[in-house]
Amino acid sequence: SQQGEEDPQALSIQEGENATMNCSYKTSINNLQWYRQNSGRGLVHLILIRSNEREKHSGRLRVTLDTSKKSSSLLITASRAADTASYFCATSSGNTPLVFGKGTRLSVIA
Amino acid sequence: KAGVTQTPRYLIKTRGQQVTLSCSPISGHRSVSWYQQTPGQGLQFLFEYFSETQRNKGNFPGRFSGRQFSNSRSEMNVSTLELGDSALYLCASRTGGRYDTEAFFGQGTRLTVV
Numbered sequence: 054s055q056q057g058e059e060d061p062q063a064l065s066i067q068e069g070e071n072a073t074m075n076c077s078y079k080t081s082i083n084n085l086q087w088y089r090q091n092s093g094r095g096l097v098h099l100i101l102i103r104s105n106e107r108e109k110h111s112g113r114l115r116v117t118l119d120t121s122k123k124s125s126s127l128l129i130t131a132s133r134a135a136d137t138a139s140y141f142c143a144t145s146s147g148n149t150p151l152v153f154g155k156g157t158r159l160s161v162i163a
Numbered sequence: 004k005a006g007v008t009q010t011p012r013y014l015i016k017t018r019g020q021q022v023t024l025s026c027s028p029i030s031g032h033r034s035v036s037w038y039q040q041t042p043g044q045g046l047q048f049l050f051e052y053f054s055e056t057q058r059n060k061g062n063f064p065g066r067f068s069g070r071q072f073s074n075s076r077s078e079m080n081v082s083t084l085e086l087g088d089s090a091l092y093l094c095a096s097r098t099g100g101r102y103d104t105e106a107f108f109g110q111g112t113r114l115t116v117v
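Order-wise, the sequence lines are chains A and B. Going left to right, the first sequence walks through residues 54 to 163 as our numbering numbers them. Going left to right, the second sequence walks through residues 4 to 117 as our numbering numbers them.
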């Protein structure tokens with residue numbers, strides 16, 4: 054079964070708006086990673102947040118992690134049409150393979 | 004530095020046939036993982052090879068197999084293809100043995116079984 058579950062499944066916003074995606078997971082983790090996938094292509098690593106971190110930034114991306122609630126959020130600020138993609142969270146405990154959620158499909162309308 | 008290369012990009016096979024997919028990891032990466040992606044099941048882990056040894060295997064039937072060569076290139080094979088095997092097959096490479104590090108993905112092989 055999937056470890057991570059993203060919410061919402063799909064999100065449509067206007068260019069310039071912020072997009073927030075959430076991820077919940079079930080077991081203890083070492084870190085949580087976010088990946089982006091453009092239609093039918095490979096995944097691109099966006100950001101990794103360790104279990105002892107609460108927040109991390111990378112450019113227009115902000116990720117939070119709440120291990121007590123077993124949840125994470127990915128915020129993309131000032132969205133652009135090029136941000137249109139599917140976004141996946143993935144978890145690992147270190148010795149177990151990355152387990153991906155089913156993703157959030159983000160559409161940014163110009 | 005070249006990225007992860009998967010060949011072929013697209014493949015159409017008939018039920019009952021077998022298929023071999025190839026993955027060349029980033030130079031210096033010793034770990035290669037394979038995933039199957041379908042609209043219904045999402046990304047599912049198939050198996051992972053590290054230094055030519057299979058370290059982990061997902062919940063797939065024995066028709067799915069793989070191997071890794073001494074140069075870290077990996078192949079996966081699916082025998083007796085079924086319609087349900089139609090999917091995007093992705094491989095990912097890592098530098099070392101831990102799973103909780105960044106994975107670099109190839110563009111995938113789109114397999115269609117007819």
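Derived by calculation from the structure, the hints in this document are not laboratory data. From the three backbone atoms N, C-alpha and C, an ideal C-beta is built for every residue, glycine too. Please note that the accuracy of each hint is not assured.
Unchecked claim - Derived DEER-like restraints, expressed as beta-carbon distance ranges: (1) B:Ile15 x A:Asn105: 22 to 32 angstroms; (2) A:Arg94 x B:Pro64: 36 to 46 angstroms; (3) B:Thr83 x A:Leu128: 39 to 49 angstroms.
What the hints assert, rightly or not - A few chain A residues facing chain B, derived, Cβ under 7 angstroms: (4) Ser92; (5) Gly95; (6) Leu96; (7) His98; (8) Lys122; (9) Gly147.
Comparing the hints with the structure gives:
1. B:Ile15 x A:Asn105: 22 to 32 angstroms: Given about 48 angstroms between the Cβ atoms, the range is violated.
2. A:Arg94 x B:Pro64: 36 to 46 angstroms: violated, 27 angstroms
3. B:Thr83 x A:Leu128: 39 to 49 angstroms: Given a distance of about 46 angstroms, which is inside 39 to 49 angstroms, the answer is holds.
4. Ser92: Violated, because the Cβ-Cβ distance from serine 92 (chain A) to chain B comes to roughly 11 angstroms (cut-off 7 angstroms).
5. Gly95: holds, 4 angstroms
6. Leu96: holds, 4 angstroms
7. His98: Cβ of histidine 98 (chain A) sits 5 angstroms from chain B, so the hint holds.
8. Lys122: violated, 20 angstroms
9. Gly147: holds, 5 angstroms
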